[in-house]
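Visitor: Listed below are the residues making up each chain.
There are 2 protein chains.
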Amino acid sequence: MRYAVLGGGKRIRPILAIAAAEACGANLAPLMQHFAALELIHTYSLVHDDLPALDNDDLRRGRQTTHVVFGEAMGILAGDALLTEAFSWLASPADGVPPDRQLRAIVTVSIAIDSKGMIGGQVADLEATGADAAGAIEKLRFIHRNKTGKLILASALLGGILGGGSDEQLQALDRYGTALGLAFQIVDDLLDQEESSATLGKTAGKDLAQGKLTYPAVVGVEEARKELAALLRTAEDNAGMIAGRLNYLAQIARFICERRS
Amino acid sequence: MRYAVLGGGKRIRPILAIAAAEACGANLAPLMQHFAALELIHTYSLVHDDLPALDNDDLRRGRQTTHVVFGEAMGILAGDALLTEAFSWLASPADGVPPDRQLRAIVTVSIAIDSKGMIGGQVADLEATGADAAGAIEKLRFIHRNKTGKLILASALLGGILGGGSDEQLQALDRYGTALGLAFQIVDDLLDQEESSATLGKTAGKDLAQGKLTYPAVVGVEEARKELAALLRTAEDNAGMIAGRLNYLAQIARFICERRS
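Going line by line, the protein sequences match chains A and B.
Each residue of the first sequence is one higher than the one before, starting from 1 at the first, in the working numbering.
Each residue of the second sequence is one higher than the one before, starting from 1001 at the first, in the working numbering.
What the hints contain is simulated information worked out from the structure, not anything from laboratory work.
Any given hint could turn out to be false.
[Unchecked claim] Covered stretches of chain A (in silico footprint by chain B; criterion: 3 or more residues with CB under 8 Å from a CB of chain B, positions within the stretch not fixed):
#, stretch
1, 79-89
2, 92-104
3, 217-225
C-beta: ideal position from N, C-alpha, C; glycine also.
So that you can see chain A by itself, here it is in the shape it has in the complex:
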């Protein structure tokens, strides 16, 4: 578990939650463990996704994947334990936060990653491998929205909910997170095609080699870049609607859309 979680990574999901809570004017200190739970969840999904029965990947965050180092059984169990620990952290006492707000946060996160969310996206991704182009764009959007998008959205919402955001702020965070989640995966697809494994810290060109549906493959690089720009504008506009004194949400959106790894 430590090897998988503490081996680097951009920590984008907890950072999003922190920024959202901060923009809503929250006191961050009692919430850091709850936001860190998002990284446990993200890491669990990577550890399981890399297993031989799924994507069978041996490089992640610039190092050997967890199951390569510790064996397949430990890879499965480490992922299970990370997911379990995440819910323990989400439910742990948070000074000054009403318990009903915490329950709402747990439901929001769990729905984002269940069989109709992240896992549904993973299943669709596995099933779409090698699929022909008919209906490819709809399938691709479903996969992106669920496999990556919903946890990114839930991260922004977690910050807003635990941070005591108003209904208007939560609605803006919803639009912000939805746009950013899609943008994130388009960038990932473009990078997989354009960058080297050394830069990415994971196997590059793998999506194409495995016949996976990707944005540039389905709509072309130019159209993918256009869509990315529109999503960034949506994210920036909605970030601006959350009138916090400290509001890094727009900068984070730009960082995500312009990253090279």
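Knowing the structure of chain A, use the given hints to seat chain B on it.
Guide: Leaving out everything else, chain B in the frame of chain A:
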């Protein structure tokens, strides 16, 4: 997920939670989904435990295991989704139940099944396979207490916590659940040795064949039966301390200790 959960099973964990809540005088109706979450968790642990990288079992509850029918990738993801869904159910609104009680219940369950609980027991079980007899009884107790015992204990506690049990009632449930959790696994070990696969609905004699530590193998059948009887008495005594009008806890303990499958 449906294949794995709805394929039979004794439903002992939710039944324990129901009985504990009932003994504490709770209104059961708003809590049934929360108690059912225990069966999702139990099933997830079976689905993952049966995977080729772990126990590699192809028979469970009298049918082919999930990964045999749907493939290994779906076995992993179905287990993941069952665990996720369980927390969604545990956090879902429960009429008349204070939210802080629900948070406490979620922490209780998640700690029972994390790397220091159920998963820790699974890891110790995998590592102990083929181990020599030195220190075997301590290892075996650790495995039993964690791999099986803690979720059984958590089931009794979940009923007590959500059912609004007093501190005294929760303490009695703690002792009841601890004794019953150990008893459950001793019975499992005895049955694995004595009964056929047809009766059990899972592969019999597998523990011995895989060189696993079991109670009858380490202390002998007679000593195992003696310990079982003592645990049942402890469970019955503590069940009697919860002075509910409806109290089936002692009967459930006897059923568990005397079952033949």
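Visitor: Next, verify each hint and record whether it holds.
Guide: Consistency of the hints with the structure:
no., hint, in the structure
1, 79-89, "holds (count 8)"
2, 92-104, "holds (count 7)"
3, 217-225, "violated (count 0)"
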